[in-house]
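Participant: Residue numbers (this note's numbering), protein chains in the order written: chain H, 1 to 172; chain D, 1 to 206.
Honestly, the hints are just simulated from the structure, not real lab data.
Just so you know, even glycine gets a beta-carbon here, dropped at the ideal spot from N, CA and C.
Please note that the accuracy of each hint is not assured.
What the hints assert, rightly or not - Beta-carbon label-pair distances, calculated as ranges:
no.: 1; chain 1: H; residue 1: Val132; chain 2: D; residue 2: Arg181; range: 38 to 48 Å
no.: 2; chain 1: H; residue 1: Arg164; chain 2: D; residue 2: Leu70; range: 38 to 48 Å
no.: 3; chain 1: H; residue 1: Ala110; chain 2: D; residue 2: Ala184; range: 52 to 62 Å
no.: 4; chain 1: H; residue 1: Asn41; chain 2: D; residue 2: Ala156; range: 52 to 62 Å
no.: 5; chain 1: D; residue 1: Arg190; chain 2: H; residue 2: Lys93; range: 52 to 62 Å
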Amino acid sequence: MASNQRIAPAPPATTDAGRAVEANIRQSRGEISLLYQVLLNSLPVAQGWETYLTAIRQKTSLKPSLRELVILRVAVLNRAPYEFEAHVSHAQKAGLSDAKIAAVKVSDLAAFDDLERLVLEYTDTMTRDVQVPDALFARIKEAFDPAGRVDLTATVAAYNMVSRFLEALHVH
Amino acid sequence: MSTETTKPALQDAVLIEFILKDQNAPSLIGDLGRLAPELSIPAADIQAVQALEEPRVTVYLRGLKLNANLAAIGFSAHKNLASLAVGDIEISRLAAVKVLAGASANKAADFHYVVRTDVLSGGEDDLEQWYDQEHLAGLASVPGVVLAQRLVSLDAAPRYYACYDLTAPQILKTPEWLAVRDTAWSSRVRPTFCNTRRIPSRLLRI
Numbered sequence: 001m002a003s004n005q006r007i008a009p010a011p012p013a014t015t016d017a018g019r020a021v022e023a024n025i026r027q028s029r030g031e032i033s034l035l036y037q038v039l040l041n042s043l044p045v046a047q048g049w050e051t052y053l054t055a056i057r058q059k060t061s062l063k064p065s066l067r068e069l070v071i072l073r074v075a076v077l078n079r080a081p082y083e084f085e086a087h088v089s090h091a092q093k094a095g096l097s098d099a100k101i102a103a104v105k106v107s108d109l110a111a112f113d114d115l116e117r118l119v120l121e122y123t124d125t126m127t128r129d130v131q132v133p134d135a136l137f138a139r140i141k142e143a144f145d146p147a148g149r150v151d152l153t154a155t156v157a158a159y160n161m162v163s164r165f166l167e168a169l170h171v172h
Numbered sequence: 001m002s003t004e005t006t007k008p009a010l011q012d013a014v015l016i017e018f019i020l021k022d023q024n025a026p027s028l029i030g031d032l033g034r035l036a037p038e039l040s041i042p043a044a045d046i047q048a049v050q051a052l053e054e055p056r057v058t059v060y061l062r063g064l065k066l067n068a069n070l071a072a073i074g075f076s077a078h079k080n081l082a083s084l085a086v087g088d089i090e091i092s093r094l095a096a097v098k099v100l101a102g103a104s105a106n107k108a109a110d111f112h113y114v115v116r117t118d119v120l121s122g123g124e125d126d127l128e129q130w131y132d133q134e135h136l137a138g139l140a141s142v143p144g145v146v147l148a149q150r151l152v153s154l155d156a157a158p159r160y161y162a163c164y165d166l167t168a169p170q171i172l173k174t175p176e177w178l179a180v181r182d183t184a185w186s187s188r189v190r191p192t193f194c195n196t197r198r199i200p201s202r203l204l205r206i
């Protein structure tokens, strides 16, 4: 356990309920990452987190490259380097170019197309300002159908949850 | 990145400037973003730019009064930016002189070009009149210019600032831009410039 870590990883489950949650996580994630080892200190939170984040990462209508762009940007804004690094390979798999991955870190807007810029502006506004002006949301409505608006908004919100959890508890 | 076209406001500014230790510092955007909430400034009133040809970051805190609490700004700047910077973090006040919406005022600006200069003694009036009557409006009318503004530093040299928000760095090479620079009055004023720095930069979305 790193010296600055605030929550010890949970030991392997000793109850049927706990083993079931661990099995779910292994099934959807392949392994139990440090984040989930920390989450497993609270079974209901670990189970709910796994279900919600699996939906966000694998089941929404949002184009994978836009999803990963949102995730990387939230990590940059919230100074969450673990989240950023953990998602570089996902971003590459989702088709986000290395140039764009580098550009999101240093805010080089010229690297992005109009839809990506809109998504970045929405991500920035939700993360930094919380309140989203009508004029910006009107542009989101033009670009996304109702399901897409919910998926995009939930993705920004979910990864703000992730980065805040990681940073508050020093999961690095 | 607003696409609304409104008459731009004449706003004084406080400028924070430093040299980046690492141009790819992962916390740059996050650290700069801490300034707005800490100083209770709307995020939209903070403009951060990174020079293209040197590791310089400049932050304009707009809409602040010139009697703003520089000590509080300096404290926040040092707290959030010291780990990014090599050498001093400089804080200075800029008084707004003029602001003009550009020919491309409804477009997003990704670039920022600033000309900072002093002028030889005795040349101040001609410089002011040239900027006021010909040069700033001339450059504002060039396609690709989103905003043009002039400010003067109250605390540091060079004193005179001309700032242009641009859609692309190539605007500086267009025939329209070059034509505005190539006038008789420009040729008379430019030799009186001294201590001049021309800094092409990109806007950082923070």
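Participant: Quick one: are Ala110(H) and Ala184(D) within 52 to 62 Å, going by C-beta?
Facilitator: Distance hint for Ala110(H), Ala184(D) is violated at roughly 36 Å.
Participant: Given a hint of 52 to 62 Å, does the C-beta separation of Arg190(D) and Lys93(H) actually sit inside it?
Facilitator: holds (53 Å)
Participant: Within 38 to 48 Å: is that where the Cβ-Cβ distance between Val132(H) and Arg181(D) falls?
Facilitator: Since Val132(H) and Arg181(D) have Cβ atoms about 41 Å apart, the given range 38 to 48 Å holds.
Participant: Just tell me: holds or violated, for the beta carbon distance of Arg164(H) and Leu70(D) against 38 to 48 Å?
Facilitator: violated (32 Å)
Participant: Note whether the CB distance of Asn41(H) and Ala156(D) lies within 52 to 62 Å or breaks it.
Facilitator: holds (53 Å)
Of the numbered hints given earlier, the model fails hints 2 and 3; all others are met.
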